[in-house]
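Student: These are the residues of each chain, in order.
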Amino acid sequence: MNTAPASTVYAIPHSLPLDSGQAIEGAQIAYQTYGTLAPDASNAVLVCHALTGDQYLASPHPITGKPGWWERMVGPGKPIDTDRHFVICANVIGSCMGSSGPASFAPDGQPYAMRFPVITVRDMVRALVALLDGLGIERLHAVVGGSMGGMQALSLAANWPERAARVLVIASTARHSAQNIAFHEVGRQAIMADPAWNEGDYYATEAKPDNGLAVARMAAHITYLSEAGLTEKFGRRMQDREAKGFGFDAEFQVESYLRYQGSGFTRRFDANSYLYITRAMDYFDLAEEHGGKLANAFAGTQARFCLISFDTDWLYPTAESRHIVHALNAAGAKVSFVELCAAHGHDSFLLEHEQLDRVVKGFIE
Amino acid sequence: MSHSVFPLRPDLAAIAAHVAPGSRVLDIGCGDGALMAELQSVSGCDARGMELDGALVERCVARGLSVVQGDANVDLAEYPDKAFDYAILSQTLQTATRPDLILDELLRVGRRAFVSFPNFAHWRTRTALLFGGRMPVTRALPVSWYETQNIHHVTVEDFRDLARIKGATIERAWFFANEQQIGAPAANWRAEFAVFELSR
Chain A
1 MNTAPASTVY
11 AIPHSLPLDS
21 GQAIEGAQIA
31 YQTYGTLAPD
41 ASNAVLVCHA
51 LTGDQYLASP
61 HPITGKPGWW
71 ERMVGPGKPI
81 DTDRHFVICA
91 NVIGSCMGSS
101 GPASFAPDGQ
111 PYAMRFPVIT
121 VRDMVRALVA
131 LLDGLGIERL
141 HAVVGGSMGG
151 MQALSLAANW
161 PERAARVLVI
171 ASTARHSAQN
181 IAFHEVGRQA
191 IMADPAWNEG
201 DYYATEAKPD
211 NGLAVARMAA
221 HITYLSEAGL
231 TEKFGRRMQD
241 REAKGFGFDA
251 EFQVESYLRY
261 QGSGFTRRFD
271 ANSYLYITRA
281 MDYFDLAEEH
291 GGKLANAFAG
301 TQARFCLISF
311 DTDWLYPTAE
321 SRHIVHALNA
331 AGAKVSFVEL
341 CAAHGHDSFL
351 LEHEQLDRVV
361 KGFIE
Chain B
1 MSHSVFPLRP
11 DLAAIAAHVA
21 PGSRVLDIGC
31 GDGALMAELQ
41 SVSGCDARGM
51 ELDGALVERC
61 VARGLSVVQG
71 DANVDLAEYP
81 DKAFDYAILS
91 QTLQTATRPD
101 LILDELLRVG
111 RRAFVSFPNF
121 AHWRTRTALL
131 FGGRMPVTRA
141 LPVSWYETQN
151 IHHVTVEDFR
161 DLARIKGATI
171 ERAWFFANEQ
181 QIGAPAANWR
191 AEFAVFELSR
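As you go down the protein sequences, you meet chains A and B in turn.
If you count by this note's numbering, then the first sequence holds residues 1 to 365, one letter each, in order.
If you count by this note's numbering, then the second sequence holds residues 1 to 200, one letter each, in order.
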């Protein structure tokens with residue numbers, strides 16, 4: 001879990017202060033880069049990953065062997081063109097693909113588990129900024145992110161406004177709603193209700209809270225899709241059977257699909273990381289950090305912003321993006337916004353979408 | 001930044017020629033961004049746009065313009081007072097739910113406003129209605145009544161009245177027929193399109 005090969009690891013050479021008032025000593029950031037950094041370091045693009053994403057943006061995942069999670073967007077000649085840009089993607093702190101998180105070893109040589117401090121999205125970004133310092137990148141050509149990646153992009157723009165010239169936020173929000181928090185709480189309770197969770201202390205044992213983590217993933221996965229998308233893909237079709245079995249096996253295709261998603265997820269993700277990162281997202285409220293007024297978060301910004309939402313995304317609906325656009329307009333920022341039509345809800349930002357490609361390409365160039 | 005190879009529509013060219021260089025501009029109903037691109041590249045303006053049609057917004061963003069997908073009828077409210085030197089509404093007034101309220105908003109968010117619209121009192125329109133007895137379909141108003149987006153037809157004189165009612169000062173006006181600028185006399189008969197520059 002804690003050994004992701006092929007990633008470079010940056011050791012933050014100072015104590016990393018956190019919003020909670022605590023700090024992490026010796027924090028590590030695992031990251032991947034694509035393309036070549038220009039001599040003046042002016043062509044760097046930071047891509048921030050989502051809740052269960054990682055640094056394997058455009059290269060195969062070491063555990064699943066699957067292509068990078070945004071290979072269709074990032075690469076030579078792609079909308080985020082690695083022939084022109086030096087693209088960085090780093091695992092967020094709290095996660096489990098090589099950056100410091102609950103599965104990492106604490107100074108006492110034991111895994112942190114629940115002793116890892118509770119982090120925020122701003123803490124994740126603080127660590128990313130430390131990485132940029134380490135890489136000698138003063139100002140990003142662009143910071144880009146979808147979903148929780150978009151929250152990080154917004155947080156960077158608000159708290160380190162001089163660090164990015166362009167800010168691209170896709171299918172995201174400036175604050176977690178009650179509904180967002182509610183779904184996350186279902187996931188956390190599923191993990192904590194699994195006896196194998198053992199108050200987070202399971203790293204030395206054979207049994208891991210995989211059942212709880214799988215249920216958490218299943219519940220969350222529903223929120224990433226649209227009802228129309230699910231209906232189109234599965235309808236009420238049965239899995240490997242003609243008629244109802246009057247039992248509780250995965251009789252419907254949609255059940256089978258969710259179980260597959262859940263169990264596959266447990267092979268690559270740490271349950272405690274899921275607790276920490278969902279909590280960080282729930283705490284996210286960019287306006288609250290800036291005196292209760294979102295426009296204040298962007299006062300005086302010189303960056304150009306682009307926000308994109310999807311009409312079938314009910315997790316972070318278009319209204320949330322509009323709310324950010326309003327604040328940016330009130331702050332006098334240069335902002336573009338477009339709502340794209342897409343069949344597949346929140347996850348549309350990861351899927352084939354020609355219009356998305358054109359907007360991203362046009363904005364990043 | 002890509003630059004349009006086609007000349008600007010005459011009303012847009014008139015606006016582009018009279019926006020002070022380096023101004024902050026909001027182009028409402030900016031379409032594919034032709035005017036914004038011209039203002040940015042030629043006049044060094046800081047241009048922002050609003051457009052309802054997502055496909056057009058996409059084209060604007062792809063050419064590097066700052067354009068927000070939005071509805072002028074509701075989304076102008078988000079902008080602070082006098083946030084722009086100029087607010088521009090080209091060929092959109094007659095499509096608004098409440099043109100009078102849009103005009104108020106233009107004059108609130110911009111120190112000055114440019115408004116262009118097709119003149120419903122042009123002689124072709126008048127003769128089509130007088131002799132044909134049907135809603136005019138002309139070069140300036142090419143779409144049939146049942147599918148046109150123009151829900152509030154307006155004439156040059158109507159617009160002058162609205163400006164007066166709203167306490168707006170008409171700073172300048174330009175009139176066009178056959179793609180050419182024409183003089184002000186009898187513009188309400190002769191002009192296919194009009195452009196007004198307003199302040200308040």
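If you're looking for bench data, these hints aren't it; they were derived computationally from the structure.
Mixed in with the good hints there might be a few duds.
[To be verified] Distance condition first, Cα-Cα at most 35 Å in a straight line; then the derived DSBU-like pairs of lysine-lysine:
hint: 1; chain 1: A; residue 1: Lys208; chain 2: B; residue 2: Lys82
hint: 2; chain 1: A; residue 1: Lys208; chain 2: A; residue 2: Lys233
hint: 3; chain 1: A; residue 1: Lys361; chain 2: B; residue 2: Lys166
hint: 4; chain 1: A; residue 1: Lys293; chain 2: A; residue 2: Lys66
hint: 5; chain 1: A; residue 1: Lys293; chain 2: B; residue 2: Lys166
hint: 6; chain 1: B; residue 1: Lys82; chain 2: A; residue 2: Lys334
hint: 7; chain 1: B; residue 1: Lys166; chain 2: A; residue 2: Lys334
[Said to hold, decoys possible] To give an idea of the chain B side of the interface with chain A (calculated C-beta under 8 Å), a few residues:
hint: 8; residue: Arg63
hint: 9; residue: Gly64
hint: 10; residue: Ser66
hint: 11; residue: Val68
hint: 12; residue: Gln69
hint: 13; residue: Asp71
hint: 14; residue: Val74
hint: 15; residue: Tyr79
hint: 16; residue: Ile170
hint: 17; residue: Glu171
hint: 18; residue: Ala173
[What the hints assert, rightly or not] Derived Cβ-Cβ restraints for the label pairs, each shown as a range:
hint: 19; chain 1: B; residue 1: Gly132; chain 2: A; residue 2: Gly300; range: 56 to 62 Å
hint: 20; chain 1: B; residue 1: Ile151; chain 2: A; residue 2: Thr36; range: 29 to 35 Å
hint: 21; chain 1: A; residue 1: Leu37; chain 2: B; residue 2: Ile170; range: 54 to 60 Å
hint: 22; chain 1: A; residue 1: Ser256; chain 2: B; residue 2: Ile151; range: 47 to 53 Å
hint: 23; chain 1: B; residue 1: Ser43; chain 2: A; residue 2: Thr231; range: 48 to 54 Å
hint: 24; chain 1: A; residue 1: Ala228; chain 2: B; residue 2: Ala55; range: 17 to 23 Å
Note that the Cβ used here is the ideal one computed from N, Cα and C, for glycine as well.
Student: Against this structure, judge whether each hint is valid.
Tutor: For each hint, the structure was consulted:
no., hint, result
1, A:Lys208 with B:Lys82, "violated (60 Å)"
2, A:Lys208 with A:Lys233, "holds (32 Å)"
3, A:Lys361 with B:Lys166, "violated (43 Å)"
4, A:Lys293 with A:Lys66, "violated (42 Å)"
5, A:Lys293 with B:Lys166, "holds (33 Å)"
6, B:Lys82 with A:Lys334, "holds (16 Å)"
7, B:Lys166 with A:Lys334, "holds (30 Å)"
8, Arg63, "holds (6 Å)"
9, Gly64, "holds (7 Å)"
10, Ser66, "holds (4 Å)"
11, Val68, "holds (4 Å)"
12, Gln69, "holds (5 Å)"
13, Asp71, "violated (11 Å)"
14, Val74, "violated (10 Å)"
15, Tyr79, "holds (6 Å)"
16, Ile170, "violated (28 Å)"
17, Glu171, "violated (25 Å)"
18, Ala173, "violated (30 Å)"
19, B:Gly132 with A:Gly300: 56 to 62 Å, "holds (58 Å)"
20, B:Ile151 with A:Thr36: 29 to 35 Å, "violated (55 Å)"
21, A:Leu37 with B:Ile170: 54 to 60 Å, "holds (56 Å)"
22, A:Ser256 with B:Ile151: 47 to 53 Å, "holds (52 Å)"
23, B:Ser43 with A:Thr231: 48 to 54 Å, "holds (51 Å)"
24, A:Ala228 with B:Ala55: 17 to 23 Å, "holds (21 Å)"
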